[in-house]
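Asker: Keeping their order, the protein sequence lines are chains A and B.
For the first sequence, our numbering begins at 41 and goes up steadily by one.
For the second sequence, our numbering begins at 33 and goes up steadily by one.
Hints may be right or wrong, so weigh each one.
Taking beta-carbon pairs under 8 Å as the criterion, some of the chain B residues facing chain A (in silico) [as the list claims (entries may be wrong)]:
(1) L111
(2) A139
(3) N150
(4) G169
Derived CB-CB ranges, DEER-like [claimed, not checked]:
(5) L82(A) to D219(B): 36 to 42 Å
(6) E280(B) to L67(A): 45 to 51 Å
(7) E187(B) to R455(A): 30 to 36 Å
(8) D219(B) to A72(A): 21 to 27 Å
(9) D82(B) to Q376(A): 33 to 39 Å
These aren't lab readings, by the way, just hints derived from the structure by calculation.
Please read these numbers as outputs of a predicted model, since none were measured by experiment.
Every residue, glycine too, gets a C-beta built ideally from N, C-alpha and C.
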Amino acid sequence: MSPRSPAPRRRRRTAVPGPSMSARDLLGEAFAGLLARPARVLLTVLGTVIGVGALVATLGLSKTASNQIVGHFDALEATDIVVSPSVRGGGARGAVLPWDAEARLRRLNGVVAAGTIADVDVRGALVRSVPINDPLAAGATQLPMKAVSPGVFQAVHAGLTAGRFFDAGHSQRGDRVVVLGVNAARRVGISRVDQQPAIFIGDRLYVVIGILSAVRRQPTLLGAVIMPEGTARREFGLAAPALAQVETRIGAVDLIARQAPVALSPSDPKLLKVAAPPDPRELRGEVKNDLNALFLLLGGVSLLVGAIGIANVTLVSVLERVGEIGLRRALGAGRQHIAGQFLLESTAMGLAGGVIGASAGTLVIVAVSAANTWTPVLDPWVPLGAPLLGALIGLLSGTYPALRAAALEPVEALRAGT
Amino acid sequence: MTAEPAPRPPQPDAGPAPVAESDVVPIVELRHITREFGTEPRVRALRDVDLTLDHGSSLAIVGVSGSGKSTLLNVLGCLDRPTSGTYLLDGIDVSRLDERLRAVLRAEVIGFVFQTFNLLAHRSVLDNVMLAEVYRGGSREGREGRADRALTALERVGMQDRARFLPTRLSGGEQQRVAIARALMADHSLLLCDEPTGNLDSANTDSVLGLFDELSAGGLTLVIVTHEEQVAAHAERRVRMVDGVLTEEP
Chain A
41 MSPRSPAPRR RRRTAVPGPS MSARDLLGEA FAGLLARPAR VLLTVLGTVI
91 GVGALVATLG LSKTASNQIV GHFDALEATD IVVSPSVRGG GARGAVLPWD
141 AEARLRRLNG VVAAGTIADV DVRGALVRSV PINDPLAAGA TQLPMKAVSP
191 GVFQAVHAGL TAGRFFDAGH SQRGDRVVVL GVNAARRVGI SRVDQQPAIF
241 IGDRLYVVIG ILSAVRRQPT LLGAVIMPEG TARREFGLAA PALAQVETRI
291 GAVDLIARQA PVALSPSDPK LLKVAAPPDP RELRGEVKND LNALFLLLGG
341 VSLLVGAIGI ANVTLVSVLE RVGEIGLRRA LGAGRQHIAG QFLLESTAMG
391 LAGGVIGASA GTLVIVAVSA ANTWTPVLDP WVPLGAPLLG ALIGLLSGTY
441 PALRAAALEP VEALRAGT
Chain B
33 MTAEPAPRPP QPDAGPAPVA ESDVVPIVEL RHITREFGTE PRVRALRDVD
83 LTLDHGSSLA IVGVSGSGKS TLLNVLGCLD RPTSGTYLLD GIDVSRLDER
133 LRAVLRAEVI GFVFQTFNLL AHRSVLDNVM LAEVYRGGSR EGREGRADRA
183 LTALERVGMQ DRARFLPTRL SGGEQQRVAI ARALMADHSL LLCDEPTGNL
233 DSANTDSVLG LFDELSAGGL TLVIVTHEEQ VAAHAERRVR MVDGVLTEEP
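So that you can see chain B by itself, here it is in the shape it has in the complex (with noise of 0.2 Å):
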């Protein structure tokens, strides 16, 4: 567990504040967050986890299976929300907020990659890039931007020329990037990886590893869940959970 600054009260819906040092905020604050489910018995997936993350910094989360990881990044990325505790998301109360609400922040904030790509196979590259837009609205101008916005995203992952293939046509690692292109899509400031990796052959994860290491270097906010040391070796900050609980390593 980290050691967290005083709390701040959060101020989701207050009006235009004036620029000032004070105002300058952790993408990520967790406070005392505890997440259990059923009822008797109950199980504590996560117990009393504080953590906070800048922007632009790079956090693997490892830990083995059951240990609660997957929950925290479902917390992280506003599909969960927690028993109790508060979560502070670039300075946004999310607990105080409305379903409604907590989809467009996925929409606007989070990006997500998952383990298992989770490409629409019907549908071609280039649409599941663009999927990522389309829960943004936008004018119609943005709208007509759309396909160009995402063969740029292909593009920085190195896909551009695969933009019209169905993802059945591609390996895993290429599924990977196109996933990884939906989330650099929507010029997110937070990427949740949840086992990048893990259905990946050792060259395609350094590959992937690679595009991680150029998006950290960009600024993007990244939060790797892995079991894997080689992945978690790649960012700059490392939390192990046991049991629920979150401790920080060297």
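Chain A on its own, in the form it takes in the complex (with noise of 0.2 Å):
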């Protein structure tokens, strides 16, 4: 190889400077490392975002759906109570609520409505309408017979489709007025009261003044002849009503629960029992929790999945790039380096899942809302929180894919080609 110059002749070096690749190119390389394989980074970065995805949506959801929950649970359930005769009462049950029980219930502070229910026994008579030489009516049929206070209507928030409901009147003179429910209306072919229908059980006949539509309360009086407590004291020697109904104002529930049996037996309240709603605040606590641990669960685990996925797509990748390794480490690349870049790499992989997956979990979360007219619930720290969470998972996930990249030999790495 000649001609050539003279060799420069040059001192000797006193000392190495010290390593130096600046932040720039270290993150210009990661990235032109992540899309050399935009597929595969792709498919990878998608099961980040369905890890944070189905994180970001669960952790909106169970909120907005216990909010939801309780707020039903506010508006109807937290305010029924029904009193009933304890089994520790014994052979009294029959006769331990007292026919006066609405008036005494509705004169607690706090009582919105109340009535009381109770079947009757009509010895098996059967219950059929008018005409009775109809061939293809079904005939005669057995229905459960109720006999209520004016009140439960009120209480049970029952709704009419027809007709009215009986009152006091009915009651005190034991008028033979019955109620149906729509389903008992249904059975006995019944469906409009314009025409004063009438139905006979057994060999009594009693008019019909109104069919119930729906009731928001004791859903067993859709299916039921209701008739007057007075009248079926008269007609069927009714003993005593056998619950009381009970609607109360919001936050007085606590309240009547324990005024009512005093109330209703004052000289044994242990004779009653008391069915009330348990305190809203503790149920949407519970309700809220139950939601959490379960949706958190699945987060969880499809976070795990992502993070086994990242893991094993890095983990892939060094592998793959042993010659591109060897040749960093050529170029005077040191481990710390071949760490970084991996590590970016990886971190960036997270980090973009979990912005994709954030946005999408909250657009998951408007869209389920939307659906059901729901209002969309969701902590602001969720949405924020989860790229950072991605991110991590990224980080996490790539550190021992980069601690075998930084591994490597540079001769060994060389010999395996780019």
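With the hints as a guide, bring both chains together as one complex.
Answerer: Below is the structure:
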């Protein structure tokens, strides 16, 4: 190789400068490494997207759903009390609730509506509608018979498809009138009351004055023939109400639950038991905790799967890029540079998955809420923290592959080729 | 084996020394270098190798496969550590340096040209050449001028018009030129070439050898490992490896 210029004469090097690589170069190399395999990166990121998205969506939906559940509970269940003779009351059960239970309960401050209900023993009498000679009709049928005080209809939020409820006058006079639950009315073939239809219970005729359309409590009323208590006492010898249905104002349920037994059975309140809902605040907490535990578990499992995906792909990437690692080492990369590059790549994948997953999860919450006309509820830290969680998962997942990459000896790595 | 001057103690971390004739050192000094692999039985790839290279010289290392040529090149390139002996690179006792500082030496002093080119397939020719400076750090201004320097290096090997190409679109000879441009980019003192024409046809071999002649004439120290006599003939000095023993050839 000649001719050549005179060889330069150099001074002895006195020291080796410290290693240096700018953060910008490190970032550039990491992103170039990611962009070199876009399809694989997208598929890898998809795992984190699903994991973070599931976590965000489940956290948001659990909060939204629990709020919704508690909202329903607050509106109806939190004002519902049922008083009935306790089992410990023994043989006196049938006579514990007084006939004026409705009036006594309504005097309590906090009671919105109250009424009593009892099953009537009609001794096997069948019910049939008039006319009785319709050959196509099903004929006589056996229906549950209920005797209620007039206040029950308000206490159970009953609605009517036709007619009216009976009142205290009907009960006091023992009028032969009944109100049919919608299912019972269908059984006896009555759908309107403007023609003053009547039914026979055994051989006694009762005028149907109303048909219930729906109730929000005591749903058994919908399948029953309902008559005034006074009528049941006179016609069938009803001994006493079986239970008292009470609706309270919101927040008064605990107070009324304590006062009602005393009001109804002052001499021995323990003969009565009260079925009252649990404290709504406790229920809200329980519902949220149950849902959160379930959904967090699901989200956690999804994230674990995403993390394993990143770790796996990064490890495969390291194994595939052994030659590249050898080249970089030959060009002056230290172990820290190699480790840093792979850590940055995995962290970037996790971060991207976190950002996309948080966005997707938020969209899912909004979509589900819109479809159910719910109010979407999401803690602000969830969509903000999810990308960081994704990045952390990427960082942790990439640690082992990065350490393996850094541990490669330059000679061995170069031998693998690029 | 070459006759060596009296050994001087290495002073890698001494303070600034006054300029004197005694401070002018060869770029490579190997003293009694051995390299062994494995345990039972131990394979001695290098046996008591002494070698001195002055700045700007060119050396061809010839020998059959398995004779220890590549092992010697790896030691020279600070990619591998000798089992015993002393290696002074530009006056620095490399065997005393930790892995971190050896990496710095590779970035600053030593360039490599491989038989298989070792270009990153998914990066452009320009990116591949610029990679030579990535691990040298440098100022912001230095980074901003990197692309210009890479284009200059590509121009030196006649590849400036392929700067935006991916290496996979280039012929073997062109890829090797890009690899040489990468080595030139960092302005290294020592260029180590491992069978640089091993994957090239005769036309591309001539082209690459012509390039080496130019670089050598420009003062770059060249070490070429080859088993081709034609390639070795281009070096001003030739040594032969036989079973790990280095012998000077006329």
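Asker: Taking the Cβ atom of L82(A) and the Cβ atom of D219(B), is their distance within the range 36 to 42 Å?
Answerer: holds, 40 Å
Asker: Between E187(B) and R455(A), does the C-beta distance stay in 30 to 36 Å?
Answerer: Given a distance of about 32 Å, which is inside 30 to 36 Å, the answer is holds.
Asker: Holds or violated: the 45 to 51 Å window for the beta-carbon distance between E280(B) and L67(A)?
Answerer: Taking Cβ atoms as reference, E280(B) and L67(A) lie about 49 Å apart, which means the hint holds.
Asker: Please check whether D82(B) and Q376(A) have a Cβ separation lying inside 33 to 39 Å.
Answerer: The hinted range 33 to 39 Å holds for D82(B) and Q376(A), with Cβ atoms some 35 Å apart.
Asker: Would you say the C-beta atoms of D219(B) and A72(A) sit inside 21 to 27 Å of each other?
Answerer: holds, 23 Å
Asker: Going by Cβ atoms only, is N150(B) closer than 8 Å to chain A?
Answerer: holds, 5 Å
Asker: How about G169(B): closest beta carbon in chain A under 8 Å, or not?
Answerer: OK, holds: G169(B) within 8 Å of chain A, min 3 Å.
Asker: Would the hint on A139(B) stand, with a C-beta cut-off of 8 Å toward chain A?
Answerer: holds, 2 Å
Asker: Using Cβ atoms only, decide whether L111(B) comes closer than 8 Å to chain A, and label the hint accordingly.
Answerer: Since the shortest Cβ distance to chain A is 4 Å, the answer is holds.
Taken one by one, the earlier hints all hold for this structure without exception.
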